[in-house]
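2 protein chains.
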Amino acid sequence: MTDGVVTGEAGGTRAQRATLSEVAALASVSVATVSKVLNGRSGVSDETRSRVESLLDERNYNRRTTAQSTAPLVDVLCFEIDSPFGSAAIAGVERITREQGIGMVVTGTQDSHQPTAAWVEGVLRRQPIGIILVAAALSEKVKARLRSRNIPVVMIDPYGAPGTDAPSIGSADWNGGYLATRHLVELGHTRIAIITGPDDMLASTARLSGYRAALDSAGLRPRRDWIKPGKFHHDDGLSQGLELLSAEGDDRPTAIFASSDIQALGVYDAARSLGLDVPGDVSVVGYDDVSIAKWAGPAMTTIHVPLAEMAEQAMHLVTRLRDEPELAFRRVDMATTLVARDSTAAPRA
Amino acid sequence: MTDGVVTGEAGGTRAQRATLSEVAALASVSVATVSKVLNGRSGVSDETRSRVESLLDERNYNRRTTAQSTAPLVDVLCFEIDSPFGSAAIAGVERITREQGIGMVVTGTQDSHQPTAAWVEGVLRRQPIGIILVAAALSEKVKARLRSRNIPVVMIDPYGAPGTDAPSIGSADWNGGYLATRHLVELGHTRIAIITGPDDMLASTARLSGYRAALDSAGLRPRRDWIKPGKFHHDDGLSQGLELLSAEGDDRPTAIFASSDIQALGVYDAARSLGLDVPGDVSVVGYDDVSIAKWAGPAMTTIHVPLAEMAEQAMHLVTRLRDEPELAFRRVDMATTLVARDSTAAPRA
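As given, the protein sequences belong to chains A and B, one line each in that order. Under my numbering, think of the first position of the first sequence as 515, with each following residue one higher. Under my numbering, think of the first position of the second sequence as 515, with each following residue one higher.
It is worth saying that the hints were derived from the structure and are not from the lab. Treat the hints with care, since some could be wrong.
Heads up, simulated EDC-like pairs for lysine to aspartate or glutamate below, C-alpha to C-alpha not over 20 Å straight-line [said to hold, decoys possible]:
1. Lys808/B / Glu594/A
2. Lys808/A / Glu594/B
3. Lys808/A / Asp749/B
4. Lys808/B / Asp749/A
If we strip away everything but chain A, and leave its shape as in the complex, we get (with noise of 0.2 Å):
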């Protein structure tokens, strides 16, 4: 299925491919180092490496390997593996890689959302059909080497801001915070804070600002001390929570809007430790719907992340990047939908 992607020289759909040798006669280097280069080994100076990798880019090199068309790889590389958000995902790459016969290499990252070293020179041996990054970023450096080698990458929600030189698929962000807010409205909410997810995240921002709209939409004025930074986990949402919740009187919001289902769980912790009831005494929209927001009590309203279509449409850009490199602009969107449970309802009059 994927063997038109995998040995794409056949194809010849680009036209001008430099052969090793010629890639080698331009870099004054033999054969065999640039085949080093190629393969990730060592023996090769830092300036070679760099001076043969951008002739492999620029001259649009396009290397066949046995490996692949044998044992065709997709390389994931996960911001969080162990999360409920990053679990799905890796799910959802899995259901669809095994489907295509195609063996899912998972790497996680932590903290940094960036690769190590190791990995990128592990993925340069294995040479995967492509690479999906989920909720994780490559350098500009480390992007430069799996173009020279034709490696295919695709992101899924990506984090910051995006460059131009990597298909994403996304999901709606600020309509999802859009559609949280207007829910709580409808309900009745005037007093409606949020906590968000990290600030150097594009998603973030874009849930915010769907958030302002809403508010604004209902000639609502958003309060800076109802704004509360956050980064998706349970640790703010509880923090946050106590504070926003310990407010006295009209100070006090009746409705909360977490970024990420987790948060919105330590959100619940923190009504629960003020003795306050979920929805009676504040209504909480998570955000994600990963399997955890049905389990909770009270079950979560939060907003639906199709992260198992954004696989499937990651996969399918990766398998056939190679064969149509017009799709390397490629940015998609999925559709954010809100999912009414019962932890929001109007609030006490």
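Given chain A's structure and the hints, the job is docking chain B onto it.
Using the frame of chain A, we list chain B on its own:
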């Protein structure tokens, strides 16, 4: 770091290995045919494939692959990869493979716990340094094919009664069941129910047996109608929880020991829908200690299964098995511990 393992042939610790041509001669086929069988390619009859595999196994043929030495992989076959248990196990293995510069290929199984035929073919083509099964199972035929390629298999939390042909890393399930039940007894409960895991999993049987033993030690008799079958799922916890907690008077248990954290969340739901408080009206103990246990409301008392350490042990075995075949008989059960949180309390007087 793994070179000594990958090129096991050079180590020479296993004597009398047959060459490819010797196997071909014994099987009365060409070397090309043996090679096809070794690399999982098509164009070989089932009968021939089976005969060649038996000979490879019998004669202890040990293939060398360049693919492995340049890009070592470990295959993980995991039951329900997007469950909290599955994703925690995968994250545990990933941490070790990342440190060791090994790629981790992940495949999920559902329902059957068994891989597809395509997975087996993929593994033979990829030639991983080993396979880790997480609550998954392989047929005897598949095990024989892997053995014929000298691809070692290690099991984490084995499903069903383990054979004697693969090392396994389990956890002390009987102790876990005993600890959970004794904790409830020590709080003063005498009406303690259990919802079990699948009855074809040894882990479930051991936990149930630990429950019975702890009751017995306390001079309590297990009631047949308080032992409810389940499958580790949220649904079981909800439906069996409803049945247990709907009983009247002394027929209603004051404590429920669920066989997984997710199942315990189902019991939380059952209690909530009946207007019962956890732990005021019913104490609940989970099992596994996946991350959502501490985030649940109330934070869940549960049995900690040391998945990270189990994954580390499994990787350790996988990388050593080729050179130390005596490890094939190793069974390790890692200790389980009680984590007391807020879902258990003394019964109401």
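Quick rundown of the hints versus the structure:
Under the criterion of a C-alpha separation no larger than 20 Å, the hint pairing lysine 808/B with glutamate 594/A is consistent with the structure, at around 18 Å. Of the pairs offered as hints, the one joining lysine 808/A and glutamate 594/B holds, with about 18 Å between alpha carbons and a cut-off of 20 Å not exceeded. The suggested pairing of lysine 808/A with aspartate 749/B holds, with an alpha-carbon distance near 12 Å, which does not exceed 20 Å. Taking the CA atoms of lysine 808/B and aspartate 749/A, the gap is about 12 Å. The hint holds against a cut of 20 Å.
Checked against the numbered hints above, the structure breaks none of them.
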